[in-house]
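Okay, here's what each chain looks like letter by letter:
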Amino acid sequence: MASKSAIPERVGEAAHAPPTAVRTEDDPTRDSYGTAFALLAPAIALYAVFSLLPIVATVGISFTNSGGFNTEAQFVGLDNYVRASEDPIVWQSLLRTFLWLFYHVVLAGGLGLVLALAVSSLARGKVFFRTTLFLPHLVSLAVVGVIWANIYDPFYGLLNTLLASLNLSHLAQGWLSDPFLVLFSVNVASSWQGFGLYMLLFIAGLQNVDPTLYDAAEVDGASAWQKLIHVTLPGLREVLTFVVSLAMINGLKGFATVFVMTNGGPFYASEIITTYIYRMAFQAQDHGLAAVLCIMMSVLAITITVTFNRWRARGAT
Amino acid sequence: MKTNGLMKSTAMLAALAGAAFAVPATVQAQNLVVWGSDLQADPLVNELWQEIKTRFEEANPGVTIEYMPPTGNISDGAVQAAIQSEAGPDVLLTNSGIGRVTIVANAKLVQPLTAQYEELGWKDKIYPWLYEQLSTQFNGEIYEVPDGVDAIAIWYHKDMFEENGWSLEGGWADFTATLDAIKAAGVEPIAVGIRNCCNGGHLIGNFLQAAAGPQMMGEVVAGEVPWTDPAVVAGAQNLVDSVKAGHINPQMTSLDQDAAIRLWANKRAAIFFGGPWFINNVRQLDYDLANLGYATIPSDLDDGSRPTGGVGWSWMVPVSSKQPELAMKWIDFMLSEEIMMLRAEHQTSSQLMARDLPDVEPVVPVMGEVFAAAAEGVGYNPSVYIPGSALDTYYQVIGGLVGGQVSPEDGLAQIEAKMGD
Amino acid sequence: MIPSRKDLPMLAALVPATFVIVAPFLWLIISSLKTEAEIGVGDPFALPDALMWQNYVDAWSVGGFADLIGNSLINVAGVVLLMLLTCVPAGYALSKIRFPGREWIFYAFIFGLTIPVQAIIIPLYQVLTGLGLINSLTGIVLAQVSNGIPFGIFLMRSFFLGVPNELTEAARIDGANHFQILTQVFLPLSMPAMQALVIISALSTWNDFFLPLVVLISPDVQTLPLGLVRFASTYTTSYRLVFSGTVITFLPVIILFILTQRRFTEGLTQGALKG
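Chains as they are written, first to last, in UniProt numbering: chain A, 1 to 317; chain H, 1 to 421; chain Z, 1 to 275.
Check the hints yourself; a few may be wrong.
[As the list claims (entries may be wrong)] Here are the simulated distance ranges between beta carbons:
(1) A/Asn309 with Z/Trp104: 13 to 21 Å
(2) Z/Glu169 with A/Phe102: 26 to 34 Å
(3) Z/Ala66 with A/Asn167: 40 to 48 Å
(4) H/Asp288 with Z/Leu8: 37 to 45 Å
(5) A/Ser165 with H/Ala185: 20 to 28 Å
(6) A/Phe184 with H/Asn106: 47 to 55 Å
[What the hints assert, rightly or not] In the DSSO-like style, the derived pairs of lysine-lysine whose C-alpha atoms are separated by at most 27 Å in a straight line are:
(7) Z/Lys6 with A/Lys227
(8) H/Lys267 with H/Lys108
(9) H/Lys322 with H/Lys125
(10) A/Lys126 with Z/Lys6
(11) H/Lys53 with H/Lys123
(12) H/Lys108 with H/Lys123
[As the list claims (entries may be wrong)] Beyond 10 Å from chain Z on every Cβ pair, some chain H residues (computed):
(13) Asn60
(14) Met68
(15) Glu118
Derived by calculation from the structure, the hints in this document are not laboratory data.
Every value quoted in this text rests on a predicted model; they were computed, and no experiment measured them.
Backbone N, C-alpha and C define an ideal beta-carbon position, used for all residues, glycine too.
So that you can see chain A by itself, here it is in the shape it has in the complex (with noise of 0.2 Å):
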């Protein structure tokens, strides 16, 4: 750390430097070097103990057979690499990862672009729809999973007594239980609780856009629908992007809805990598596996960033 005894040592130097030469933040001396690292420690340790060194570690842990946090592991090679791509579940749930971000997209990405429209265009009433409609995501997706794991219970729950009551019970489902069915269920849950941060971002977006395009649309006799497609969402674009790329990233994290509310199953119907990755570490203890799991959910999280990352550069240009 950088000690206050510092102070005068600098402002004397400055004093013997030339007049001309005005010291600016561009000068790369040792003491900036210590300063900017005193700033940085705190970040750094942290970050690098409970961050990048588990990163490194999980490398590691893929290539040994390690069975539990007691027990001795011994390299194994590529043996859990083999493992993974032998086993049928693996693929299956990354499958239905690649679905669960799609649903996620869609239904949070896609209600919240739609809402934001919607509440843009009020004259009034806009804070009081803003804040009514983005209470869902305040709830923890866990407590959302509680939530609706009690909406689709098959026997008491509010779809299927709400379907039965408006005598339209032969619409009602198994939720949770048709293996069509079930991944796209708690996606719903899931994205009830997401759509609001998408939301709030669209709306902020619209405020961006020149408004002068709307009134040469208007004086060019254009449709609502032609102003829509052709001046707001080309305006709409960067924040587009963004909110597609957040929305994968948080669609790849999605555990707590499906842990709550199915735990995967059944038979593996709603397993994503990360419950798949939850129940070999934590549960079945296979360690190598669940390392290998975690290095492709990491390559896929860099991907899809660096990909949107790419794609939202282009379009700046």
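With the hints as your guide, set chains H and Z onto chain A.
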């Protein structure tokens, strides 16, 4: 270990300071953290465990028992997580069986207790067949001490069955006819909670045994006969047929055990497969215990109609136990005649104890029926017999069978594939 | 509030949509005031005969919500404080001080932005165990802060980059060092960014589930979402308790949000768009 010793002495110092007024200075104050019964949230059950605590503390001056509420079991990883934490229990009671014990034994989370079986005579304090089973599972090492034996069969509403003239006598065809009749009456025939492990296992264990018999199921779970044996497949096929016939609603795959019990207790379902612990579950829902009926699953085989079971719950000592010696004392205490009788004759008694107690007079009458049904021995609940490597697949396959996602042949083949690992 | 006539067609669509979106809240709140028998009837339109406030009393005492809320508050306070203490100085150093390796360090932090915490959970768990921080609020705070640092630094750096260099230069000519510039010039300036950082870290910490699930094992250190899931799975047989317990977990945040919604929304949007 250095840190352990340090922790221990610090903990002792703290405990000493706290207890200085309560106990004579010559007695060492010690804490034993017990991961106890998951039913302890029930005031009646809690009463019993408080009584056990008092008696143990009287027998061991200076010792304080501290119950830690269980956050789950081995199947959901909660036990492993607790053991790995510094705040873990010194001794724990949890759902056991070789599959679950394998997971914690292989991960070196629990200590072998083989020596204590000899030195403290535990091997003579449990059923001989039980000791036989345990002592052959891990090349002679034993990691658990059974607390109770399960006896899983059918629970039904006496009044409902009487009013409608339904019966659980006879063979398999009679059983399906009864289920048809229940279905026709607008009641869910079978309630089962498949989402969180165990209850789906109770159901399929009974179905498989009814078709293949207890002896063959014993060989199947031991890996001597494949799961794909036609007799076993027939049992799984019966389960799938029951789903198709509407006896088991596929939506049950999204329920957990408690939700299924609730459905049953509200009389929206007629049958539940479970062990005597079920009595406590429905008592908490204010269900009239006099109306509880217990019956074994109908079968066309001579010995197919008996409860399934095996070790239901066991005591284990985590490697991180700060009081291993005291933990052994505690287990020894649980095996004593005094505590066994106290528990067996308590109104919340809900298991067969780990050894024969001929003089027991159960408080809840239906427990008498359970004892009678189990008198000829209990069959095999696969959940507590199959290896840990196969356990997760086993539970997922049950969901797949009921949800129609996997055929009996394929599902059982998937379990079989994991048996050898 | 009188709706503008021009808005009427849009409102005709927006009002029902909003109703559907908040319906789960309404259903939960109404159900949480019913008796077990009334819930058992399974009619979502039926109102309770008498309001069962007792459900809340029971859930509160059975579920230990006082402890859970206390733990969550400690958790949030710890994370917010440490985030400010680490990210504000680091963001300043990475934007206003030139030193060799600056870009490198920045990219190392940005790298962390792309790695989800689930993907490093096994060694993270080992590190926490090794430091004796498993099952402690300190452990969870450090892990969450480390996880949030990349975003926090990115946010603060982008904000500081927008502050003209002339300001720094002028202060340096007056003889101020970087610490003084940071605390006396930049801190007052950066209130909006810090507000965003506080709101975003507080909300994500309050709602976090994965790390607490792995790190916080005994009930006495658990936070609210984890406690509720445990509560809901222990008392599935008692829906009235699950419903009232759930309402207890979300109602305070919703009220706090409604009271501070303008600042909250601003902070959240700005923070997200910058970050």
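Hints, verified against the model:
The hinted range of 13 to 21 Å is satisfied by A/Asn309 and Z/Trp104, whose Cβ atoms lie roughly 18 Å apart. Between Z/Glu169 and A/Phe102 the CB atoms are about 50 Å apart, so this pair departs from the stated range of 26 to 34 Å. At about 45 Å, the CB distance of Z/Ala66 to A/Asn167 agrees with the hint of 40 to 48 Å. A C-beta distance of roughly 58 Å is found between H/Asp288 and Z/Leu8, which places it outside the suggested range of 37 to 45 Å.
At about 23 Å, the beta-carbon gap between A/Ser165 and H/Ala185 stays in the expected band of 20 to 28 Å. At about 37 Å, the beta-carbon gap between A/Phe184 and H/Asn106 misses the expected band of 47 to 55 Å. For the hint linking Z/Lys6 to A/Lys227, the alpha-carbon distance of about 17 Å falls within 27 Å, and the restraint holds. Distance hint between H/Lys267 and H/Lys108 is unfulfilled; the C-alpha atoms sit about 45 Å from each other, more than 27 Å.
Restraint check: the Cα-Cα separation between H/Lys322 and H/Lys125 comes to about 26 Å, which is no more than 27 Å; the hinted pair holds. A hinted pair counts as satisfied when its Cα atoms are at most 27 Å apart, and A/Lys126 with Z/Lys6 qualifies at roughly 14 Å. Between H/Lys53 and H/Lys123 the alpha-carbon distance is near 24 Å, which keeps this suggested pair within the 27 Å criterion. Distance check on the hinted pair: H/Lys108 and H/Lys123 sit about 23 Å apart at the alpha-carbon level, within 27 Å; holds.
With a cut of 10 Å on Cβ distances, H/Asn60 stays outside the contact zone with chain Z, its closest approach being about 24 Å. Listed as a non-interface residue, H/Met68 fails to keep its Cβ farther than 10 Å from every Cβ of chain Z; the least gap is roughly 7 Å. The non-interface label for H/Glu118 is consistent with chain Z: the shortest C-beta to C-beta separation is roughly 34 Å, beyond 10 Å.
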